[in-house]
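The chain contents come next:
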Amino acid sequence: MNIMEPGYNKPARGLAQKLHMDLPLLTGLLLLSAVGFVVLYSAGGQNEGLLLRHAMRLALGFGLMLMVAQVPPQRLQEAAPWLYGAALIMLAAVPLVGDQAKGAQRWLDLGVIRFQPSELMKLALPLLLARYLGRRRLPPGARRVLVCGAMIVIPVALIAKQPDLGTAVLIAGAGLFVLLLSGIRWWIIAGSALLAAVATPLLWHFLHDYQRTRLLIFLNPESDPLGAGYHITQSTIAIGSGGFTGKGWLNGTQSYLDFIPERTTDFVFAVYSEEFGLIGVLLLLALFTSVIARGLYIALRAPDHFTRLLAGSLTLSFSLYIFVNISMVSGLMPVVGVPLPLISYGGTALVTLMASFGMLMAIHTHPRKLV
Amino acid sequence: MYARISESDRLRDYIRETRLLQNRMFVAAAAVLLLMFVVLARLIYLQVLNQEHYLTLSQNNRISVVAIPPARGLIYDRNGVLLARNLPAFGLEVIPEQVADIEATLRALHEVVAISPADVKRFRRLLKQKRTTRGVLLRLRLSEEELARFAVNRPRFHGVDIVAGVTRDYPLGASTAHAVGYVGRISEDDLDQLGDSNYSGTTHIGKTGIEQAYEDVLHGTVGFEQIETNAQGHRLRILKRTPARAGRNLHLNIDMSLQQLAGQELGGNRGAVVALDPATGAVLALVSQPAFDPNPFVNGIEPGDYQALQSSPDQPLYNRALRGQYPPGSTIKPFVALAGLELGVTDAQRGTFCPGWFQLPGQERRYRDWKEEGHGVMDMTHAISESCDVYFYELAQRLGIDRMHNFLAQFGFGQKSAIDAPGELTGLLPSSAWKRRARNQPWFPGETVITGIGQGYMLATPLQLAVAAATLANRGVRMPPRIVSTIENPLTRNKLAQAALPPLYTVPSGKAANWDTVITGMTEVMHGERGTARGSGAGAAYRIAGKTGTAQVFGLKQDEKYDKDKVPLHLRDHGLFIAFAPVENPRIAIAVIVENGGSGSGAAAPIARKLMDHYLLPSVP
Numbered sequence: 198m199n200i201m202e203p204g205y206n207k208p209a210r211g212l213a214q215k216l217h218m219d220l221p222l223l224t225g226l227l228l229l230s231a232v233g234f235v236v237l238y239s240a241g242g243q244n245e246g247l248l249l250r251h252a253m254r255l256a257l258g259f260g261l262m263l264m265v266a267q268v269p270p271q272r273l274q275e276a277a278p279w280l281y282g283a284a285l286i287m288l289a290a291v292p293l294v295g296d297q298a299k300g301a302q303r304w305l306d307l308g309v310i311r312f313q314p315s316e317l318m319k320l321a322l323p324l325l326l327a328r329y330l331g332r333r334r335l336p337p338g339a340r341r342v343l344v345c346g347a348m349i350v351i352p353v354a355l356i357a358k359q360p361d362l363g364t365a366v367l368i369a370g371a372g373l374f375v376l377l378l379s380g381i382r383w384w385i386i387a388g389s390a391l392l393a394a395v396a397t398p399l400l401w402h403f404l405h406d407y408q409r410t411r412l413l414i415f416l417n418p419e420s421d422p423l424g425a426g427y428h429i430t431q432s433t434i435a436i437g438s439g440g441f442t443g444k445g446w447l448n449g450t451q452s453y454l455d456f457i458p459e460r461t462t463d464f465v466f467a468v469y470s471e472e473f474g475l476i477g478v479l480l481l482l483a484l485f486t487s488v489i490a491r492g493l494y495i496a497l498r499a500p501d502h503f504t505r506l507l508a509g510s511l512t513l514s515f516s517l518y519i520f521v522n523i524s525m526v527s528g529l530m531p532v533v534g535v536p537l538p539l540i541s542y543g544g545t546a547l548v549t550l551m552a553s554f555g556m557l558m559a560i561h562t563h564p565r566k567l568v
Numbered sequence: 078m079y080a081r082i083s084e085s086d087r088l089r090d091y092i093r094e095t096r097l098l099q100n101r102m103f104v105a106a107a108a109v110l111l112l113m114f115v116v117l118a119r120l121i122y123l124q125v126l127n128q129e130h131y132l133t134l135s136q137n138n139r140i141s142v143v144a145i146p147p148a149r150g151l152i153y154d155r156n157g158v159l160l161a162r163n164l165p166a167f168g169l170e171v172i173p174e175q176v177a178d179i180e181a182t183l184r185a186l187h188e189v190v191a192i193s194p195a196d197v198k199r200f201r202r203l204l205k206q207k208r209t210t211r212g213v214l215l216r217l218r219l220s221e222e223e224l225a226r227f228a229v230n231r232p233r234f235h236g237v238d239i240v241a242g243v244t245r246d247y248p249l250g251a252s253t254a255h256a257v258g259y260v261g262r263i264s265e266d267d268l269d270q271l272g273d274s275n276y277s278g279t280t281h282i283g284k285t286g287i288e289q290a291y292e293d294v295l296h297g298t299v300g301f302e303q304i305e306t307n308a309q310g311h312r313l314r315i316l317k318r319t320p321a322r323a324g325r326n327l328h329l330n331i332d333m334s335l336q337q338l339a340g341q342e343l344g345g346n347r348g349a350v351v352a353l354d355p356a357t358g359a360v361l362a363l364v365s366q367p368a369f370d371p372n373p374f375v376n377g378i379e380p381g382d383y384q385a386l387q388s389s390p391d392q393p394l395y396n397r398a399l400r401g402q403y404p405p406g407s408t409i410k411p412f413v414a415l416a417g418l419e420l421g422v423t424d425a426q427r428g429t430f431c432p433g434w435f436q437l438p439g440q441e442r443r444y445r446d447w448k449e450e451g452h453g454v455m456d457m458t459h460a461i462s463e464s465c466d467v468y469f470y471e472l473a474q475r476l477g478i479d480r481m482h483n484f485l486a487q488f489g490f491g492q493k494s495a496i497d498a499p500g501e502l503t504g505l506l507p508s509s510a511w512k513r514r515a516r517n518q519p520w521f522p523g524e525t526v527i528t529g530i531g532q533g534y535m536l537a538t539p540l541q542l543a544v545a546a547a548t549l550a551n552r553g554v555r556m557p558p559r560i561v562s563t564i565e566n567p568l569t570r571n572k573l574a575q576a577a578l579p580p581l582y583t584v585p586s587g588k589a590a591n592w593d594t595v596i597t598g599m600t601e602v603m604h605g606e607r608g609t610a611r612g613s614g615a616g617a618a619y620r621i622a623g624k625t626g627t628a629q630v631f632g633l634k635q636d637e638k639y640d641k642d643k644v645p646l647h648l649r650d651h652g653l654f655i656a657f658a659p660v661e662n663p664r665i666a667i668a669v670i671v672e673n674g675g676s677g678s679g680a681a682a683p684i685a686r687k688l689m690d691h692y693l694l695p696s697v698p
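First to last, the protein sequences are chains B and S.
So for the first sequence, our numbering puts the first residue at 198; every next one is plus one.
So for the second sequence, our numbering puts the first residue at 78; every next one is plus one.
Hints listed in this document are in silico derivations from the structure and should not be mistaken for laboratory results.
Small disclaimer: the values here were computed from a predicted structure and weren't measured.
Just so you know, even glycine gets a beta-carbon here, dropped at the ideal spot from N, CA and C.
Watch out, some of these pointers could steer you wrong.
To be verified - Partial selection, computed: residues in chain S whose CB lies under 8 Å from chain B: (1) 102; (2) 117; (3) 127.
To be verified - Chain B is faced by these chain S residues, among others (derived, beta-carbon under 7 Å): (4) 94; (5) 97; (6) 109; (7) 116; (8) 125; (9) 132; (10) 142; (11) 583; (12) 586.
The shape of chain B in the complex, shown without the other chains (with noise of 0.2 Å):
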């Protein structure tokens, strides 16, 4: 036990404690949740079926975070290299005998589920990477940093070839953050972004055609007026129309006549905005701020290297989905399928995303060794 952390050699007081539940964390999850189902009642159209079958998945969320939140950290870093290998061999097996649907090859059937081995590597790549870089001098090298560069890019290319671009960029993102957090110098991070600038054209010379086009419609919405920049012009107009106060609960005339595309899974948050005006927005902003803030915060305490690197990526993940999410339906970025976290119904992210919190708490809830 740490002299130096008295809190954490007192005996286990209370429930949350001897479950290894972090409370602060726990309570802006399950607000962020309640939001979750009061706006899925009305995006969905007052179906009672789709809220129990959201029910059921976040209560199998929940249930996960438990079940990760008991496992010491130093177990998960033990497991970190079999987990990455595992969700690699995964990775190449499924365009050999992935399932396909529509058009693209991501899921795996291993008999009794359906599984998304890109999923599994949302959190193999950042364990992996916290525990490669955690044990070794920092910040970093530039040989080290060229490894994990490595290890981002081998999975990263994998999942892109399936193709699923938007996971792509946020395992890319996941990978990345650890290395940002890991103290790496400025001046690689300079150079990796002027090596990318440079190699973007070049990459754009080796894509089909309708690779190319399919990027410019994703760059440039308003090409395809039928298709994707429809979804953004009638999101925008919901959210816009919500005002500061919003439109009232069930009230949101652009969701009740069918204008928002998706408005259960990846635009739920023009179903919201619509109906709950800036001050709903604000309460969410918040909601979500704060859980950000508590990640960090098990970050900044965590007890060494590699639960610092792992709860600072994880959480920036986190963060990552909401802006890229909130950015979208808002028409600050293209479309891309990323669900606002908690609050979109369903979704196998969802259950990956509540295992990371589940570290998170075991991270701050383990008794902590020393190094």
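Starting from the known structure of chain B, arrange chain S on it as the hints suggest.
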């Protein structure tokens, strides 16, 4: 992992590193906060500064984007005869927002216009996926009577409207069914495959033939209108309009007069005709008989009518020209002969004695010649012109199956011809490797013998036979068959000629004399004293090279005799014929198959002669 952590990694300034990491954490927190403010600023911009604007858009006026489907390209034959056009048609559209009770409206509409269960099913599907168009199509192609009836009853149906559209029409009906194909309503499967907004306003898509193969050329690009509507759904004004770009017109190589003549000549028989221009691969005629009228398929054929077509023993829906696989029979002989010459197994003068049967050394079984008393001594030219089986039994045996397989493959047998129409089959060109693979059995010598006269396992499509004849006419240059010759911009009338295609394959030829021998043999078929098709060659103003063939539909037992009159009609032999003309400068190559026609010379060759006369001779007014 531990082993690779160096000494310097163990001796680290832990306190300093922790401070570095914590500093980064603060940078991250600052970045998150900054982004929160950016998002918030955007939302304030939308919800506070521009609320008025967006509220107007959402409450009083609604923007809807309406797709304008492009006009589908027209299809013409080589002489400008219109084969596929767009006719104006009126449909019935329901605007769900304005209809209080859709079920009641459907029931009431039923009394005014005919609405089939299929219409209702499609309507419900469209209703569910409705996104950009305001109206949902319920009925297509209203008759004039229905149009009038609805007009009278219109006040009863608020939110139901007549929409003007176009429908695809094939003026020549059955004679283009198999070559041009047809369009049909877009199905759910089609939508899944398309998955893009270019088909937002489109109701039909190419289902078969050229309509399917050239879908992307014929379809064009969708246009759209951004329309402001008020709460009652009335159009206020058009905010933005991008016109649709019509699809391209297609000009085919097919000569409709030749195509129709072929259909007439086949008459009530089942069969197929394929005619090619040997030099270019242009498809001059592609006929499969019986055919069917494609027009009912455009807007959904009645289930009963479809059932009748599908269960008809003549299989009118089946494209025999591309998908019919027949034993080539004696039409294979010129190619086997050429194989013998080119591979040095025989020469033109070598004689084979034909006693009316052939026996493999050491085997009992007799392979019979069609001529019971035998042909006597045959050289190659005579063996071709009189179609002596024994000569080719013996030649095939000396070539062996695998050499025969490799040589015949050069003429396109056993593989797709690369024609620009969907669905062709490969036929079957057997080899010992094939038999081991497909049947897990060794190849028997007797099977080689009958392959020499195009019986046994070997199968070829009419298209493949025409391609092989054209390749022979070209002395080895095999062109990919092409139905479409040019693509035309409907506005400028600029024709984009399809780039002249390179040959698919060129048979490496040893000696011109070898080709001469075979072609002379085929010319003797038509014009020789004892040629098997001399009846069809007689009196021609040009010289023809041809070869008859008769394919057995069922196997004869040893020494059993085939008697045409005793055999039921559907077991009678198929008549086959391949030809090209004029011999000196071939302009047409042709393959004709008449199912159960009895014989190639009797049933198929006369049709080919008429078609060649029609194509090669100046038409008499």
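Outcome of the hint check:
no.	hint	result
1	102	holds, 5 Å
2	117	holds, 6 Å
3	127	holds, 5 Å
4	94	holds, 4 Å
5	97	holds, 4 Å
6	109	holds, 5 Å
7	116	holds, 5 Å
8	125	holds, 6 Å
9	132	holds, 4 Å
10	142	holds, 6 Å
11	583	violated, 32 Å
12	586	violated, 40 Å
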